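Chemist: Kindly produce the complete structure, drawing on both the sequences and the hints.
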Amino acid sequence: MSRARSSISCWLMACVSLVVVLRPNAARAQCAAVPTGWSNLAPQSPAYQYANYSQFGAQYADMPLVFPGGPVGSADAMAQQGMWAEQRIPSQQQATINGQTLFTACPQGACIDSLFAFEGLYAQLTPAQQPALANFAFSDAAFARMRLTVAPLLLQRVASLADLPIPQDTISGLTELLARTGLTLPQLVEAGRVFSQDYRPLTDYIYASPGAFLEIPVGLFFIDGANATTGRLMPLAIRFSVFNSNTYTPLDTTADWVLAKAAFNSLDTAVHAVVHFLNDHLILQNYCTSAKRNLGTAHPLYLMTSKPCELMVGVVAQGLNMLLPNTTGAFDRVLSVAGQAVATKLLPYYFAQYNWEDNYLEADVESRGVDQIPGFSYYADAKALSRALTRYAEAATTPFYPTPQSIIGDRQLQAFLADLSVGGPASIPGFPAPSTILTSKRLAGIAAQVMWLAGVQHHAVNSDKVYNYDFVYPVSPGKLLAAPPKLKGDLTEQQLLNNILFPAMVMRPDGNITSGLGFFLESQSLGLFFELFLGPENVLGSAYDVPATADCPGSAQLAAASVRLDADLAKISAAIRQREDALTDDLPRFSLLDPQNLPFSTNV
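Using mature numbering (1 follows the signal peptide of the UniProt record, and there is no 0), the letters of the sequence shown map in sequence onto residues -29 to -1, 1 to 575.
Misleading hints may appear alongside valid ones.
As the list claims (entries may be wrong) - Okay, derived cross-link-like pairs now, EDC-like style, lysine to aspartate or glutamate, Cα gap no bigger than 16 Å in a straight line:
hint: 1; residue 1: Lys354; residue 2: Asp539
hint: 2; residue 1: Lys316; residue 2: Asp175
hint: 3; residue 1: Lys354; residue 2: Glu337
hint: 4; residue 1: Lys316; residue 2: Glu551
Honestly, the hints are just simulated from the structure, not real lab data.
Quick caveat: nothing in here was measured; it's all calculated off a predicted structure.
Modeler: Structure, rendered in structure tokens:
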């Protein structure tokens, strides 16, 4: 979590006045403008070195990413892991309370006698602890909205009828499903109103965790309603590829359709977790390690780097230690994809496709053709936040880098950027070469992207999202515990519950047996482990508050930028709350990107 502001180095901060009294010349030197100040300093900490991930297991030895090494880097990594573990104590305590409440309310799982009983069980928790999806598990609108809020990174527009991933002749009741649009499926595709989320390309890169029956589906969604700009994204069909080749639709039996959504969400949870871990942790760890090695605390980028990177190395280390180990990791215990499949297959698969520039918000949504979907709340909120952070970053860098020469002459900055670019020891695929970063605006764009990845995107697809959506029964279980039947129509609701979702006994990866309730509670505990307990000092805006200090050139601009950022975040918060207050009763609130709920770093 956040350290007190007084611990920030005396670069444009509250303690500068004390330093001026005691060491006026030092204070003036620390605040000196580029290029006469820090630009002439050598990289800050050469003892903060780059290491690989082999310390976490031989399977990571060839992973082309870096972890802090050397005496200073290793010590920092250990310290951050300890601080991160301490920060997780409140969530662990709350998980214990929730588990006891649920266990007491449902001894031996006896209260779960139907698919609809989970809602009543969740209702035993305090309102603040009830998962957001709990009261909307059977809402198809809520299922679709997850692709536009908490699972927004994989949906793609179907470009042509030839690209339709589910043959339309297998979608029963198609005319009825599309009735409100007044269009046929080919017409909807041509109008850009059909979208897919296809996991079948991952078939060679994933396999089931112990005890899981892993289905690899494709989902089809469309913009319902007569008007494309005011319509609503809805599910059209889900097709299986492993246990059968059935196409399921909302017109099927409750058992079949809940099974289809559960299989889809189960894999979606695992894959989004992996994509987030790569984009928002492993890639950023390269950035953070280079910053620790090269940038001093007086550097203009220090605040915009140190805050997003706070506890990053602790999160990365514990993620590898807790999530992916064989049999004991959370993936093997609770999720559908084996942890070692993630480590040896899925992470390398996604890393091979990674490009820094492609992960900017606008580039991402436009490449997937989803920027025009009505109700794309993640995109609307993330875009507003990205613009606010970019506006701040530009104001925070302009005073210090007025010319290309001021950038080129900054030795620490050049070392930092060179290490991250192609051929550097902490190279990030697609990261721009130092020779292309010649304006403060270009530099600010990079800083803002890191602030956005750590403080915005991460929270949308992790943190509170995990507890509120990822393990909410019956439509979002961690794993299916029995094979889906071959034929549609054969499965009853009771069979789905008692065999696939909530069996009496469950074999754990270590060979021990637990009850269905025990497995359910373990998944709820894992979800709650990611919940954030933020104080005012931990939220996004507070990280970049800087007071104006007459002794430091540029501090007035920085202080003004901080005030403006706070104002921008307040407007964004108000807009989100107004939108969510107007929701219909069949949708859960999406407030994960409300700035009042956002941390400034990927601290979990």
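Chemist: None of the hints should be skipped; say for each whether it holds.
Modeler: Hint check results:
Taking the CA atoms of lysine 354 and aspartate 539, the gap is about 12 Å. The hint holds against a cut of 16 Å. For the hint pairing lysine 316 with aspartate 175, the CA-to-CA distance comes to about 8 Å; that is within 16 Å, so the pair holds. Using a Cα cut-off of 16 Å, the hinted pair lysine 354 and glutamate 337 holds, with the two alpha carbons roughly 13 Å apart. Pair hint lysine 316 plus glutamate 551 does not hold up; C-alpha atoms about 39 Å apart against a cutoff of 16 Å.
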